[in-house]
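**Q** Protein chains in written order, with the numbering used here: chain U, 26 to 880; chain V, 256 to 472.
If you are wondering where the hints come from, they were derived from the structure by calculation, not from laboratory data. Fair warning: there could be bad hints in the mix.
To be verified - One-sided excerpt, in silico: chain V residues whose CB lies under 8 Å from chain U:
{"hint": "1", "residue": "T257"}
{"hint": "2", "residue": "E289"}
{"hint": "3", "residue": "S360"}
As the list claims (entries may be wrong) - Label pairs and their in silico Cβ distance ranges:
{"hint": "4", "chain 1": "V", "residue 1": "D378", "chain 2": "U", "residue 2": "E717", "range": "55 to 65 Å"}
{"hint": "5", "chain 1": "U", "residue 1": "G168", "chain 2": "V", "residue 2": "N434", "range": "49 to 59 Å"}
{"hint": "6", "chain 1": "U", "residue 1": "T149", "chain 2": "V", "residue 2": "A408", "range": "40 to 50 Å"}
{"hint": "7", "chain 1": "V", "residue 1": "E324", "chain 2": "U", "residue 2": "D439", "range": "31 to 41 Å"}
{"hint": "8", "chain 1": "U", "residue 1": "A785", "chain 2": "V", "residue 2": "A426", "range": "52 to 62 Å"}
{"hint": "9", "chain 1": "U", "residue 1": "T149", "chain 2": "V", "residue 2": "E288", "range": "48 to 58 Å"}
{"hint": "10", "chain 1": "U", "residue 1": "K619", "chain 2": "V", "residue 2": "E324", "range": "26 to 36 Å"}
{"hint": "11", "chain 1": "V", "residue 1": "Q464", "chain 2": "U", "residue 2": "D657", "range": "56 to 66 Å"}
{"hint": "12", "chain 1": "V", "residue 1": "R419", "chain 2": "U", "residue 2": "D645", "range": "58 to 68 Å"}
{"hint": "13", "chain 1": "U", "residue 1": "A842", "chain 2": "V", "residue 2": "D378", "range": "20 to 30 Å"}
{"hint": "14", "chain 1": "U", "residue 1": "E630", "chain 2": "V", "residue 2": "A408", "range": "21 to 31 Å"}
Even glycine gets a Cβ: it sits at the ideal position worked out from N, Cα and C.
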Amino acid sequence: MKIKRRDFLKLSAATGLAAAAFKGSTLNALAEAPQGAIGEKPGAWMPSTCQGCTAWCPVEFFIQDGRAVKVRGNQLSKANNGYVCPRGHLMLQQTYDPDRVLTPMKRTNPAKGRGIDPKFVPITWDEALDTIADKMMELRKAGEPEKLLYMRGRYSPTSQELCYGTMPKIFGSPNAISHSAICAEAEKMGPGYTQGFFGYRDYDMAKTKCLVVWGCDPLSSNRQVPNTINKFGDILDRGTVIAVDPRLSASAAKANEWLPIKPGEDGALAAAIAHVLLSEGMWSKEFVGEFKDGKNLFKVGATVDEAAFEEKQTHGVVKWWNLELKDKTPAWAAKITLIPEKQIVRVARTMGKAGSACAVFMGPGVAMTPRGTYASMAVYALNGILGSIETEGGVMQSSSAPTDKFPSIDKYLDDLAKKSGKAKKIDGRGAKDMPAIMGGIDKKEKDGKVTESAKANVVTNNVANGMLKDPGAIKVCISTWTNFAFSGTGAQRWEKALSALPFFAHLVTNASEMSQFADIVLPATFAPTEKLSIITNMANLHGHMSIQQPVVKPLGQAKPEETEMMWLLAEKLKARGFANLFDYYASLEDPETKKKPANAAEFIEIAAKISSHKVWDGKDKMKGDQLSGWEDFKKKGIYNTETYAYKKNWGKFKTETKKFEFYSETLKKTLGLFAEKNKTTVDEVLKASGYEAQGELVFVPHYESPKRHGSEKEYPFTFIDYKSRLNREGRSQNTVWYHEFKKLDVGDESWEDVVKINPADGKKLGIKTGDMVKLTSTTASITVKAKLWEGVRPGTIAKCYGQGHWAYGRTAAKDYAKAIPRGANNNELMPDDYDRLSGATARNGGFTGVKIQKA
Amino acid sequence: MTTELMQAAQRQSDAYRLLAACFYQPDREMFLEENLCANLAGLMQEISLPAVAQACRRMAQSLAENSQEELLVEYSALFLGPFGAPAHPYGSVYLEQERKLMGDSTMEVLKFYADSGVKHEGDEPPDHIAIELEFMSFLEGKIAQAINESNQAERADFFALRARFFNRLLASWAPILGNILKEQATLAFYRDLGECLVGFIGAEQQRLQKSAAAQAP
């Protein structure tokens with residue numbers, strides 16, 4: 026906050042105000058105005074969108090006198106029925122967090138590291154962007170624009186294209202890195218390589234007779250919390266809820282059956298359930314097909330003649346049985362999973378009875394583990410056997426509202442950008458030991474010739490390794506809404522990598538561990554209350570497009586990163602002789618008025634209108650809601666699509682066979698293309714990437730034993746991490762409500778960060794509730810409070826993700842100056858490892874062995 | 256008598272304003288050129304607060320001795336963070352149970368501004384210590400003006416507004432902030448600014464109590 030007028034510092038005698046005609050004092054931040062009324066106007070609900078988890082709920086804020094005071098779901102939303110979950114309310118405290126970054130700042134202490142005060146001082150946006158543009162131009166002048174790295178955390182699915190999808194490309198860097206592979210990408214491998222759908226699923230929970238929540242806790246997180254809360258009770262009335270989770274989650278606590286599986290053994294349980302469903306003849310005849318003579322030949326241990334079975338919507342069920350399932354009996358699985366044989370059979374029969382109205386709701390717990398791709402395929406394939414793909418009560422592919430893309434950037438790419446844009450990416454994707462083939466086959470057509478290759482997906486957490494391996498590879502980094510030095514496993518690697526980075530600008534709402542290493546910290550708008558953008562998502566069989574808008578004036582000098590900051594940066598680059606980015610932005614056109622943006626504010630609005638215009642411009646008759654124009658859309662804040670049509674992709678799944686593939690021809694072809702490019706074999710790729718399967722088994726969902734860091738002898742406990750229902754992508758820990766209401770997470774305590782240990786283990790170790798314990802993995806130790814709790818089985822310990830901030834605001838961090846965290850960060854304990862087929866970070870499945878000592 | 260009263264109100268107005276200026280991002284050159292701390296010391300001396308005046312003189316010395324960057328680093332560390340400022344400059348952080356910006360107390364501040372015929376211009380929440388001190392300066396100025404114009408009704412209105420704003424809001428948290436500065440600042444400028452704030456607000460509390468007693472029917 027700067028003094029605007031020098032008179033403010035003067036004595037009134039010196040400014041003539043003490044003369045006889047005294048007219049009051051000199052003002053600086055205040056100005057005389059007619060007397061107004063505050064607190065007397067009625068206020069109004071204004072629509073926007075929450076992005077606290079992946080549900081991206083359409084919401085409304087109640088605004089009084091320019092202040093947001095209350096939150097609810099958008100009353101017109103079909104995805105959340107007008108409700109938010111508990112985390113939605115935390116947006117008020119996030120918006121008004123006193124520790125938000127309110128002004129751009131620059132570091133004055135060149136030394137970087139944990140516990141070293143960066144000595145940040147305020148600067149103007151102008152100075153900040155001048156510095157960033159100078160650093161960027163140095164790269165272009167040196168002919169090495171590929172040394173620019175842009176990393177994004179939370180983003181808008183539409184305007185991200187103007188930043189992540191455009192800025193690095195036009196500048197000439199291939200290094201645009203998304204956070205997604207530390208989130209849940211491996212989960213998409215199951216539906217991807219069986220059904221050709223590499224996305225998050227929707228569920229017909231209004232009709233489901235049996236809901237199997239597996240490796241997730243949809244009452245708390247992932248991926249449609251308000252909808253699940255809304256429907257869960259009815260499912261319990263109507264049928265059965267089964268929860269597969271090593272921890273007694275909120276869903277497990279309410280479920281009819283809880284299967285506290287040994288961490289990482291999900292593939293074994295899925296194989297056994299599939300075995301029961303097939304051997305007991307409970308597969309869907311409509312979806313899978315039938316033996317030609319009607320006689321079930323799926324008998325324990327027996328190989329079946331493929332010709333004996335006639336499949337309908339699926340491919341390879343007999344191959345799958347022969348290669349994997351015939352010996353995977355419940356008795357076999359019981360020994361591995363620690364789930365009693367009887368319970369496995371009972372659960373399989375309950376699922377089989379519900380048939381195509383049984384939805385297996387799979388989450389990251391199954392998949393975000395080394396070798397997780399196959400567990401994901403195995404669990405997801407149960408939906409295939411049950412025939413619950415796109416059926417009443419079953420599992421849907423996603424619905425989406427029609428967005429429009431921004432114009433092509435091709436003509437704004439200069440020769441340098443074209444050349445350096447093809448440089449090797451810093452995250453190591455596509456190497457023989459990191460296939461990262463989440464997404465399947467990439468088909469490109471040029472001059473009538475089709476070329477096919479394996480898609481290469483981001484390996485976010487490996488960026489730190491890439492930077493450490495080649496310290497000169499990245500010289501300038503811009504990152505928005507990220508905190509990988511906290512949120513990536515093996516978090517300490519990021520600290521090392523960022524310490525050595527020559528220049529780093531970090532745009533965030535709150536300074537965090539990553540900002541500790543920044544040269545410039547920039548204030549971000551808190552998106553749900555201060556940023557204009559268009560957000561799309563789905564739930565409850567409807568897709569939606571919802572507006573995210575400044576329902577209040579941004580605090581301090583906060584700016585949205587994808588639009589305003591990019592526009593201003595482009596202006597700076599233009600002033601330095603590189604106009605391509607600016608020229609591209611300036612070429613955008615308002616779909617209504619055809620006007621091009623003349624300034625940042627116009628650019629922001631035009632971008633939002635381009636993304637959304639199909640739903641409100643009246644040119645096409647929409648199948649969902651009818652809107653009368655941009656103003657109507659802004660007022661209502663939402664467009665809901667038509668209801669998902671059952672069976673709409675039957676016969677045209679995006680797999681190689683167009684069928685649901687139990688034997689994945691799609692994976693076979695993708696891996697084949699990948700191996701060919703790397704001049705090796707599929708088996709070698711699998712081996713290099715740490716998988717156990719070889720030969721034909723590679724192409725079917727199958728059991729892989731869990732990889733574990735640390736021997737059971739030295740590290741006898743298996744650590745599991747989970748998410749709080751108050752977690753807002755790791756950003757809510759500076760709100761007092763997070764801590765006050767932490768006890769809403771089953772087994773947790775308010776204002777504490779406890780590790781939960783089974784009482785039997787506690788007795789053996791002489792540990793009681795409230796004792797401080799030191800947890801040690803192969804790579805690090807953390808110290809936390811113990812709580813004895815029966816919600817984990819002996820041998821497994823659980824702790825919630827989110828706390829352990831050592832550089833954050835005053836609620837999240839215990840003592841920033843001394844780098845003392847409040848609680849402890851699980852990501853320091855867990856080493857970095859990957860499900861290498863997807864490129865996803867391992868964070869589930871008990872891959873971390875720990876020992877427990879009294880602290 | 257009227258002239259004396261008017262001059263006293265003007266002095267208070269100046270004292271509040273110059274104190275407010277010290278809470279802005281430091282501009283060493285401008286502060287030195289305008290003799291900010293020396294003038295503030297003079298005002299404090301005139302209003303019989305010798306210890307506070309002494310603190311202001313130490314601020315002047317610190318200003319002379321410390322560089323712009325030193326002042327800026329200290330100002331940022333105390334008031335801006337960005338990792339959670341120890342001396343948050345916003346009233347609501349101290350007055351609200353939920354430790355937030357734009358709380359009910361902030362809206363009350365806005366209401367005071369609106370009722371008094373001023374509005375806040377800027378991106379910051381309106382209950383920043385500098386803005387609240389500026390508002391007090393404005394009120395004292397209005398009182399001086401009312402005295403000068405012999406407008407008894409207006410004088411009484413601004414007396415009442417001043418008492419309510421000061422007692423309900425500013426005085427409820429400014430001493431806490433002042434004490435944090437006294438404890439946490441490493442440069443004399445900000446340590447003594449804390450001293451100055453605590454001393455001045457404390458003296459104002461007594462002055463306004465006396466004033467209220469004198470006004471009482």
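**Q** Can you give the numbers of the hints that this structure goes against, from lowest to highest?
**A** 1, 3, 9, 10, 14
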